[in-house]
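Undergrad: Protein chains in written order, with the numbering used here: chain X, 112 to 225; chain Z, 3 to 115.
There may be inaccurate statements among the hints.
Here are some of the chain X residues that sit facing chain Z, going by a computed Cβ distance under 8 Å [stated by the list, open to error]:
{"hint": "1", "residue": "153"}
{"hint": "2", "residue": "154"}
{"hint": "3", "residue": "156"}
{"hint": "4", "residue": "159"}
{"hint": "5", "residue": "167"}
{"hint": "6", "residue": "169"}
{"hint": "7", "residue": "201"}
{"hint": "8", "residue": "209"}
{"hint": "9", "residue": "211"}
{"hint": "10", "residue": "213"}
{"hint": "11", "residue": "214"}
{"hint": "12", "residue": "216"}
{"hint": "13", "residue": "217"}
{"hint": "14", "residue": "218"}
{"hint": "15", "residue": "219"}
Non-contacting residues of chain X with respect to chain Z, defined by C-beta distances greater than 10 Å in every case (computed) [as the list claims (entries may be wrong)]:
{"hint": "16", "residue": "127"}
{"hint": "17", "residue": "138"}
{"hint": "18", "residue": "175"}
{"hint": "19", "residue": "190"}
{"hint": "20", "residue": "195"}
{"hint": "21", "residue": "225"}
Honestly, the hints are just simulated from the structure, not real lab data. Each residue gets a CB set at the ideal place from its N, CA and C atoms; glycine is no exception.
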Amino acid sequence: KAGVTQTPRYLIKTRGQQVTLSCSPISGHRSVSWYQQTPGQGLQFLFEYFSETQRNKGNFPGRFSGRQFSNSRSEMNVSTLELGDSALYLCASSLGTGSNQPQHFGDGTRLSIL
Amino acid sequence: AQSVTQLGSHVSVSEGALVLLRCNYSSSVPPYLFWYVQYPNQGLQLLLKYTTGATLVKGINGFEAEFKKSETSFHLTKPSAHMSDAAEYFCAVSQTSYDKVIFGPGTSLSVIP
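Using the sequences plus the hints, can you model the full thing?
TA: Here it is as structure tokens:
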């Protein structure tokens, strides 16, 4: 069974640009969550999608957005990139929504802003 | 508001020695508790979780953790460290099954041969 796939693995952008990251969950998983990981702030929850609906949202500005498609694949978009957006972005999928469901993480997309 | 603290951002143990990684949480209700491990350049992997029931939880790779409500703790232990245990470990909490998961700052474990 294939794991969670995140593309691309590495990305370099400049300030002011926008970026779209992709996450393909494990087959049959309907919930996808996104996290930002930085050395200074650690792991911070961005948002969770279940059945194409955003179920939960963290404390990030509106520049960070996401969506989920009918096949459960998810994308997150960051507009007007800032230096502070440099981070490892992790996606996790689970069968259903709710934290009692085990989350399976992808290897992440490392985003560097120049 | 729920939060998680992990005492010690870096822990070093000798190969074969006991591993003890500390986690304390704050939550207004009995929480769901998790330990995850992250190897370099990889995502997180669930080691174990506590939801309800038995307070001693056994996980993968020989790790276990005990939920102590009176101490608001969920420390992770392993009797004998292996070199392959060197990684970053994260404790996490969720107040209910429908809340987002809050992660602690992580503890980097080094294993000395």
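Undergrad: Look at each hint and say if it fits the structure.
TA: Here is how each hint holds up against the structure:
About 5 Å separates the beta-carbon of residue 153 of chain X from the nearest beta-carbon of chain Z, less than 8 Å, and the hint is met. Look at residue 154 of chain X: its Cβ gets to within about 4 Å of chain Z, closer than 8 Å, so that hint holds up. Hint status for residue 156 of chain X relative to chain Z: holds, with the closest Cβ pair at about 5 Å, below 8 Å. At its closest, the beta carbon of residue 159 of chain X sits 7 Å from a beta carbon of chain Z; the interface hint therefore holds under the 8 Å criterion.
Annotation: residue 167 of chain X was flagged as interfacial toward chain Z, and the flag holds, the nearest CB pair being 5 Å apart, inside 8 Å. Because the smallest distance between the Cβ of residue 169 of chain X and any Cβ of chain Z comes to about 7 Å, under 8 Å, the interface hint for this residue holds. Interface restraint check: residue 201 of chain X against chain Z, minimum CB-CB distance 5 Å, threshold 8 Å, status holds. For residue 209 of chain X, the interface hint holds, the least distance from its beta-carbon to any beta-carbon of chain Z being 4 Å, beneath 8 Å.
The criterion of a C-beta within 8 Å of any C-beta in chain Z is met by residue 211 of chain X, whose closest approach is roughly 4 Å, and the hint holds. Contact between residue 213 of chain X and chain Z, as hinted, is supported at the beta carbon level, the nearest pair being about 5 Å apart and thus within 8 Å. A least Cβ separation of about 7 Å between residue 214 of chain X and chain Z falls short of the 8 Å threshold, and the interface hint therefore holds. A distance limit of 8 Å between C-beta atoms decides the matter here; for residue 216 of chain X the minimum to chain Z is near 3 Å, and the interface restraint holds.
Because the closest C-beta pair between residue 217 of chain X and chain Z is about 5 Å apart, less than 8 Å, the hint holds. Because the closest C-beta pair between residue 218 of chain X and chain Z is about 5 Å apart, less than 8 Å, the hint holds. Annotation: interface hint on residue 219 of chain X holds; nearest CB of chain Z at approximately 6 Å, less than 8 Å. No beta-carbon of chain Z comes within 10 Å of the beta-carbon of residue 127 of chain X; the shortest separation is about 28 Å.
No Cβ of chain Z comes within 10 Å of the Cβ of residue 138 of chain X; the nearest lies about 17 Å off, and the non-interface call holds. Here residue 175 of chain X stays apart from chain Z, with its beta-carbon at least about 15 Å from theirs, past the 10 Å limit. Here residue 190 of chain X stays apart from chain Z, with its beta-carbon at least about 23 Å from theirs, past the 10 Å limit. Under the 10 Å C-beta cut-off, the non-interface status given to residue 195 of chain X relative to chain Z holds; the minimum distance is some 18 Å.
Distance check on residue 225 of chain X: its Cβ is at least 21 Å (rounded) from any Cβ of chain Z, clearing the 10 Å threshold; non-interface status holds.
The structure fails none of the hints (numbered hints given earlier).
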